[in-house]
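Number of protein chains: 2
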Amino acid sequence: MALIVQKFGGSSVADAKRIQNVASIIAETYRAGNDVVVVVSAQGDTTDDLIAKAYEINKRPAAREMDQLLTAGEQISISLLAMAVEGFGLPVISLLGWQAGFHTNSVYGAARIKNIKTNRLRAEISKHNIVIVAGFQGINRYDDLTTLGRGGSDTSAVAIAAQLHADKCQIFTDVEGVYTADPRKVKNALKLSEITYDEMLELATLGAQVLNNRSVEMAKKYSVKLEVLSSLTKSSGTIVKEKINMEKMLIRGVTKDTDVALISVVGLDDNPGVAFKIFSVLAQKNINVDIILQSVGRDGTKDLTFTVSKDNGVVAIETLGNLSVLENTKITCTTGVAKVSIVGAGMESHPGTASTMFEALYAQNINIKMISTSEIKISVIIDAEEADRAVAAVHNAFLPND
Amino acid sequence: MALIVQKFGGSSVADAKRIQNVASIIAETYRAGNDVVVVVSAQGDTTDDLIAKAYEINKRPAAREMDQLLTAGEQISISLLAMAVEGFGLPVISLLGWQAGFHTNSVYGAARIKNIKTNRLRAEISKHNIVIVAGFQGINRYDDLTTLGRGGSDTSAVAIAAQLHADKCQIFTDVEGVYTADPRKVKNALKLSEITYDEMLELATLGAQVLNNRSVEMAKKYSVKLEVLSSLTKSSGTIVKEKINMEKMLIRGVTKDTDVALISVVGLDDNPGVAFKIFSVLAQKNINVDIILQSVGRDGTKDLTFTVSKDNGVVAIETLGNLSVLENTKITCTTGVAKVSIVGAGMESHPGTASTMFEALYAQNINIKMISTSEIKISVIIDAEEADRAVAAVHNAFLPND
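If you're matching them up, the sequences are chains A and P in order. Residue numbers for the first sequence follow this note's numbering, so the first one is 8 and each next one is one higher. Residue numbers for the second sequence follow this note's numbering, so the first one is 8 and each next one is one higher.
Mixed in with the good hints, there may be bad ones.
No copy labels: a pair is met if it fits in one copy or bridges any two.
Said to hold, decoys possible - Cut-off 35 Å, straight-line C-alpha distance, at most; resulting in silico cross-link-like pairs (DSBU-like, lysine-lysine):
| id | residue 1 | residue 2 |
| --- | --- | --- |
| 1 | Lys241 | Lys66 |
| 2 | Lys248 | Lys121 |
| 3 | Lys60 | Lys175 |
| 4 | Lys134 | Lys60 |
| 5 | Lys124 | Lys60 |
| 6 | Lys250 | Lys24 |
| 7 | Lys66 | Lys134 |
| 8 | Lys134 | Lys124 |
| 9 | Lys66 | Lys250 |
In short, the hints are calculated from the structure, not lab data.
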């Protein structure tokens, strides 16, 4: 008998009909002889609706009260889903985050899981109950409710799978798996049958939005076998694990991320410690810096260019404007750019990968502003309006339509 | 410094504007130098909407899951109200039923409070926080959520007031207090400045719907001073307490209850124990019997008539139909009747009270089907369509418009 953790997102339980569909998937898994623990998000737009209600009343509500409010969303979805599973004649119980033993720190709105006290979960499983757990939420040391932040339900599911040593953690979404590119944009995008944690992490960071990044990191750390699949079709999904049987594919995916702002500092003094000062003040403001490029400027000065998310653009400019070492420099922020990346664990042993990508872009007359590489990733920054064309061209260069 | 418990019903917090209004009442009470604990129901139709969602998914959902679902309603209202109070610049914290220490038995949907562990409540009050508590809900010994049943928020408020020895428990509603009759129906209905617990209990039982009955019983038991008042106007309400200064009024109110079904058993054998058997099986089914009337029938048999709530009519008939001692009887269920009652602690010393009531009905040519009396109450069963006319006539006989 296997133990399977299944996670369903908000759109999968958006209304009564979809809840019944999810219940049928759960029932099928249970009737096949498995123990089943299910993690659910709040229904459809519930979380956004509750946030709107809060802001109507108070523009800056206390984070503790916001978490008290938002956790009601999953409370509704777990009980409704339990009722639907009950309708299939199966033993079932719903558990809130704290009932399932999710203990977190006290960073309301973005809490980290400290540990899961699994006695209740184990007791229910040993009674052969299907257990429906509220994702996204936990409790802190003061007995106050907390939330894990957006995408937290993925993390809840992986955490349970890790703690209970589940045989598999299935993440149900509205796509059939992980693709080599966005299938809505690139016609010949291929569904991957397998992908490594590292590749998935790069894809998630790059905006593929199939799986929350924290959950992939946790799955890698605890060797939880993940499967990404659709709640609407019966086809098999994508398995995410440590090592995979290398297929012929050199790269695993082409992604586009338009949430990019380009910050340039022109005319830096060529002294030691300048880069350290810049990036340490940004880190203090919790601003993540992605690609960094430094070049020699005129008159013995240096130019520094780096990317941040659009949200952080204005704060980054302000923060740097207050730095005394940057007094004589010119600081600019550019949006309207996009990051296009290829990801694949196979590329490190193939020296021609980068040139194949650049050639494909050159053939389309697309200008590259910045380049960044890692062992399993190559990213370029280009004009945002050329991004979709770039993705299609690069995808075609590596994964031609046969 | 006084400790005041304030309870606001669902209609008082139905939308953002009303929540702000309630927050202003709380702020005023707090700024006058009081400690304030607030008990809130779910917003407007939230509970009914959640019930409808559940029935859409499962016609007979498990009671435990229903409570898991419904308790989300107050979770939303307490956090929103806390955000509104916070907007007034005051220290505030919301607590769910279990966070406020409400421990109940495990009768899901109609749980009884076993005790309130007040350490968290007292700690928050000692920090001078305004505490917003979710009414209607608690937790059982298995750490599962429970609800106290309809009107449970009144009970939550009175229980907190009793446990914390509050100086006053204010129940805010959409009427200005307790009236001698329904002011929407009877023009010369008077607002009572004071009323005893016993009178209030009779009025509550009889369908005045101002205060939940269990809450009045609890207030009487623990001598909690209640005040019923409106959240929309500033006028003083009705005080409910043990003894009141008798005013000139003989009766305190005239009420109508149309939730009445009349069950008749005709042709009972005249043997001992028949009544016992009938009412014990009904009690086993949790069916409350109100007025009972037994009369001698034809041929040495007896006829028995009693009233139950309409909900229970069908079950009562079925239950009695299976009783072997009733094999040769004819059992009927009549609806379309109403109970009209007068209540007043003063009437026991005035022998003419009943005849004044009957005379008023006779003058209107209204036929009385059944009569029931207690020390402080006289009830009659009449045709439902004559009920409003009966209430007006009886009210006028005792409380003429001056």
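Status of each hint after checking the structure:
no. : hint            : verdict
1   : Lys241 - Lys66  : between (44 Å within a copy, 28 Å between copies)
2   : Lys248 - Lys121 : within (24 Å within a copy, 50 Å between copies)
3   : Lys60 - Lys175  : between (38 Å within a copy, 32 Å between copies)
4   : Lys134 - Lys60  : between (40 Å within a copy, 28 Å between copies)
5   : Lys124 - Lys60  : both (33 Å within a copy, 32 Å between copies)
6   : Lys250 - Lys24  : neither (38 Å within a copy, 57 Å between copies)
7   : Lys66 - Lys134  : between (46 Å within a copy, 25 Å between copies)
8   : Lys134 - Lys124 : both (18 Å within a copy, 31 Å between copies)
9   : Lys66 - Lys250  : neither (47 Å within a copy, 47 Å between copies)
The structure fails to meet hints 6, 9 from the earlier list, while all remaining hints are met.
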